[in-house]
Amino acid sequence: MLLIRCPYCEEERPELEFRNAGEAHIARSANMAGESDDDFEKFFFIRSNPKGIIYERWRHIHGCARFFNAVRDTVTDKFVMTYKAGEPKPSKLPKNSNEMASK
Amino acid sequence: MSGAFRIPRAGRLSQAKTARFSFDGQSYTGIEGDTLASALLANGVHLVGRSFKYHRPRGFLSAGAEEPNALVEVKRDDARKAPNIRATVQELYDGLVAQSQNRWPSLAFDVGAVNDIASPLFSAGFYYKTFMWPKAAWKSLYEPKIRAAAGLGVSPDKPDPDHYSSRYAHCDVLVLGGGAAGITAALAAAETGARVILADEQAGFGGSLRFESGARIDGQDGYAWAQAAIAKLKAMDNVRVLSRTTAFGYYAQNFVGLVERVSDHLQNPGHDLPRERLWQVRAKRVVLATGSIERHMVFADNDRPGIMLASAARIFLNHYGVAVGKNVGVYTANDSAYSAAIDLKKAGVNIAAIVDLRDHPTGPVIDEARALGIEVNFGRAVIRAGGKLRVTSMTVQPKNGGGERTIPVDAILMSAGWTPSVHLFSQSRGKVAFNDETKRFVPGIYAQDCVSVGACNGTDGLSASIDEAYAAGVKAAKDAGAKTAKGTKPKVDASESWSRGMLGAAPGAGPDKTVKAFVDFQNDVTAKDIRQAVHEGMRSIEHVKRFTTNGMATDQGKTSNMHGLAIAAETLGKPIPEVGLTTFRAPYTPVTFGAIVSHSRGPLFDPTRKTAIHPWAEAQGAVFEDVGQWKRAWYFPKAGEDMHKAVDRECVAVRSKAGLFDASTLGKIEVVGPDAARFMELLYTNPWEKLEPGRCRYGIMLREDGFIYDDGVVGRLAPDRFHVTTTTGGAPRVMNHMEDYLQTEFPHLNVWLTSITEQWAVIAVQGPKSRDIIAPLVEGIDMSDEALPHMSVREGKICGVPTRLFRMSFTGERGFEVNVPADYGQAVWEALWAEGQKHGATAYGTEAMHVLRAEKGYIIVGQDTDGTVTPNDAGLDWAVGKKKTDFVGIRGLTRPDLVAKGRKQLVGLKTKDPKVVLEEGAQIVADPKQAIPMKMIGHVTSSYWSENCGRSIALGLVAGGRDRMGETLYVPMPNGVIEVEVTGMVFFDETGGRLNG
Amino acid sequence: MAKAAAKTSASADAAERRPAQAGRSVSAKNIEVKVLPPAERMSLRASEASVAALSKALGLTLPKLPKTSASKAGRTALWLGPDEWFVIDEAGKDPLADCAKVTALHSAVGISHRNVAFAVTGPAAAAAINAGCPQDLSLEAFPVGAASRTILGKCEIVLLRTADDAFRLECWRSFSDYVFTFLSEAASDAAA
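Residue numbers (this note's numbering), protein chains in the order written: chain A, 1 to 103; chain B, 1001 to 1997; chain C, 2001 to 2192.
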């Protein structure tokens, strides 16, 4: 069971309290009704599924109930960092994930 | 006397406390503190099992958890019989009943042993090669036969009456292994004040100090020091000491699974104690002190009962006071077997000879053995063991060939060296490194916050291990945030030291192909099998492992992996690291399903949710159905009624008089805030801004792809407050869906969501008499049609308690849904029921509810829709706000496929024969005479007998359904084709007049 | 126990209140689990700007730190999320009424009947809860006053530490039988 740092609860909490909510930073268009078929396809159906660093959404559903974003390495299954919903995609990732997680 | 092989004054058990037990029906006496293995050996019993494939007689290889051979069934009663129990781990209690496995008709004479003679047929990979053809025979013939012939023991066929428990625990330092190193590390960490957990799989602590007679620490015998240290640790508040506890799995972020065997060693465990306790420990730091495991020598017939690891014989002697034979031979490639020979000799056991494969070993133990008069032979090999049910001799030959000499023995002790137990380290995703000098894999690159100390780290010698463990314990505690150490490092006064040994096959392991020199005892894998695997083209150790099954038995290759690897490497002509080591996986030793399931069985398997009105329905004799975790009243049969009669009666009563229905399970969400209506506009297809407070609307929720996700009636209580209902099953996911959009897409809206599903009990009162029933109990609400029209909501009181009273209908009749705070639910129901009796009302269940709504063509999301149905498909286009510029799903609805012609649409279906009720899920075709496979154009989603209509009714999704009104379609069934007519969805009261009737 | 078992009603002729699991309790060595009597409960949601006004109306300072609570005169406010408080009033005063007067932006929803509360007390209390709760319940990590929504077995709970060896544990009404049964099993194991 993973430990996940909730950016709202400001501590690591057991994975059982969380639920994954898919890839992060896929914004819903402000003009949804006017989206082209191609844009809608990209928005709704296409996900990146990378090997390595993934940006994803989690919800602390059995905790503070907040959605937040996380950077996770799909190879090591380690969380690199987590940050609040609405915050921009981090431009630089911390080098030592363990250090980050324990802060 | 507890057995003829018990040596007076040897061992640590008290001869006074005897325990009777039986094995294969024969009674024996042992001593409390014995394992089943030591007790049997004390009685001279070596033959305890038959091997997996060849059914060869087997005895004890080890004295611990690595045991591959001595697997027995331990039986308390018919339900509590556990197969594959390692006799070397099972502690003796008075009255223990054990029996051997995998033999018929008896252990000494086993018919299956013909496999041994026919063994050329069963060589490596034989499963893959032999049972290839004919294909059909695999399922009917080969698999059942193989399963019956192979198997290890028989599972109990009754429910397990024992219970199991679980515990999450957190600590600063988790120390795994309670030998000298583990105890030292735990002491060092504990003395800093850190929270420490120390676990060991054995009943007692001490690890190899249990047999190492030469160890002295802090002025005491090593074993005594260990017991004193454990007592000290147990007395500390910040330390938890767990014996009989195996760390079976090391998972991410220092999460370690342990199983504590709480009562398997007790004569009468009683009902209070669990059989096992699962510990799920999160540790800031882990110290691995898991020791090492001795390897056997690989030579011909090395599996005969009486042949065992030298350290095992030493434990049996020094701890249990048992001699494993009277005339013992020793075959070794390292020093540690000498210590065993010396201890046995001193205890009065004859040592027939020590055969040492090494050419010129030197050292104090060799000198001591010689001084005791033991015959020592260098540069020689045991090429064969004699005997069948028990070893009778060993045949010795110079290792490079020469004259043979057969020495009579009744036991052989062997040692090829020691393998560090890197299992948990490897499970933690650490990478092992091969030390070419010592020929062993030791921890290399760490992946987690852990450290290995002592023998499992390849550290030789007690003194070095204790130095290393002490430093590691202090550092682990410090890294976990503890203060500086206050303790003192234990001082080693004397210890034993062992040299390296060998890997792979000894000269007695072939190359003759008929030789059975076992590498893996439990899976019957020989040196020849591994060579053959390489010759047949296996190059990677992973392939060799799977082809031969080496290391794949329940002992996970604790004794066999390194030998198998060395033989494969030698055959391939490659260095060992290039051939690689197979990955160690959890569990370290087998774990019961009981421990994994722990509390989650019986009533705790899954929560059973009951409404506030449930006790009333139960008292009325209702039959319940499961709806998710909920129990819902399905129907209320009267005496003599079957389900159909009860449902028919309930349906008729609702339409002729009235019915009461427990709708409490409906999901309910309170949406509050100045932007509540704006939020509702975005989450539902309908318009909400103009819905007046006090009015209700049927809402449809879509996913972004345009498909129906949920539906329900929504009441506006105030400009900034909505009472939203969802389907019963959809409640949690709808809440999550709404929160998701609110938090991440529409965070600018000032609105909040609160689940109120369980705050309110909901009583639906439906039927022409419904108002007459409710009105006398209501205060402060005008119940007239003018003041409270269909689809409205009022807050007031009923029976003196607060209510949210909805005028709404899921039956097509005049109807109400009475919401009251849950604790009042049953009392208000009872009051309404009493009123209802004056008007001929009945209670109805979910089945009648389904029939009544189907008569009106009201859909059930999840039954008439399946996640691919749009509002238009369901005939609900009217509920989609045409002027809206945005809502979740608005873009999905205009996707090309969703607006294409010929989509499946929900329609009514009437069977030509009104008495025939269609099966839900049945497929619909246009032409019943077409060839199979027929083109299916739709399926039945809902189907019932409607007593109110006097015929069957059904709903179905049919391609282009609304353009097919009046068409005849066909439902092919196994016993004939059913003709149906496509109709509208409303079967009863098409004008809807009864809503105000 | 008598208190929890007693049926409370709003007025003489009003519908009888029948709380779930009323009066149930179980005890073992070093531990007692008992169902608590009904209480007033409110889910309070508000943005930062409204906290002061709501605190004033409620008569206690709404906690702003994660995993904390504030308590005064029988009323406790638990921080459940950055804009979410769970208010329990055991003194019979309705927090909804207190918040009704507040004009600052907020959402107050009555959930008195939604939950059932348990007291888990005694030296083995933390161990019993840890049978199904994966959080660290040591006093360092979860001190007196600490509060959190979390998991017990297969059920969501809200946990509040009321003393070194005492917890208040709440769950939704229909899960209360599961929770009581779970805690009963866990208590007997923690006592062992």
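One or more hints might be untrue.
[To be verified] Partial list, computed: chain B residues near chain A (C-beta under 10 Å):
#1 A1433
#2 R1500
#3 Q1532
#4 T1744
#5 E1745
[What the hints assert, rightly or not] Using 20 Å as the maximum straight-line C-alpha spacing, the simulated SDA-like pairs for lysine to any residue come out as follows:
#6 C:K2154 to B:D1785
#7 C:K2154 to B:A1113
#8 B:K1657 to B:K1513
#9 A:K42 to B:K1657
FYI, nobody ran anything at the bench for these hints, they're computed from the structure.
Quick caveat: nothing in here was measured; it's all calculated off a predicted structure.
Each residue gets a CB set at the ideal place from its N, CA and C atoms; glycine is no exception.
- Double-check R1500 (chain B) for me: the hint is only fine if its C-beta lies closer than 10 Å to a C-beta in chain A. Violated: closest Cβ of chain A sits about 35 Å from R1500 (chain B), beyond 10 Å.
- Message: The hint names Q1532 (chain B) as touching chain A; please verify it with the least Cβ-Cβ distance against 10 Å.
- Response: violated, 36 Å
- Given the hint that K2154 (chain C) pairs with D1785 (chain B), test it: the Cα-Cα distance must not exceed 20 Å. Cα-Cα ~46 Å, so violated.
- Straight-line alpha-carbon gap K1657 (chain B) to K1513 (chain B), limit 20 Å: Since the Cα atoms of K1657 (chain B) and K1513 (chain B) sit roughly 89 Å apart, the hinted pair is violated (cutoff 20 Å).
- Message: Interface hint check: E1745 (chain B), Cβ to nearest Cβ on chain A, cutoff 10 Å. Holds or violated?
- Response: The hint holds - E1745 (chain B) has a Cβ within 10 Å of chain A, the shortest such distance being about 5 Å.
- Item | Agreement of K2154 (chain C) and A1113 (chain B) with the hint, judged by alpha carbon distance not exceeding 20 Å | Not satisfied, since the Cα-Cα distance of roughly 49 Å exceeds 20 Å.
- Under 10 Å, Cβ to Cβ, is where T1744 (chain B) needs to be relative to chain A, so tell me if that hint holds or is violated. Constraint on T1744 (chain B) satisfied, holds at 5 Å.
- Query: Taking the closest Cβ pair, is A1433 (chain B) under 10 Å from chain A?
  - Reply: Not OK, violated: A1433 (chain B) not within 10 Å of chain A, min 20 Å.
- Query: Is the straight-line distance between the alpha-carbon of K42 (chain A) and that of K1657 (chain B) 20 Å or less?
  - Reply: violated, 55 Å
Checked against the numbered hints given earlier, this structure breaks hints 1, 2, 3, 6, 7, 8, 9; the rest are met.
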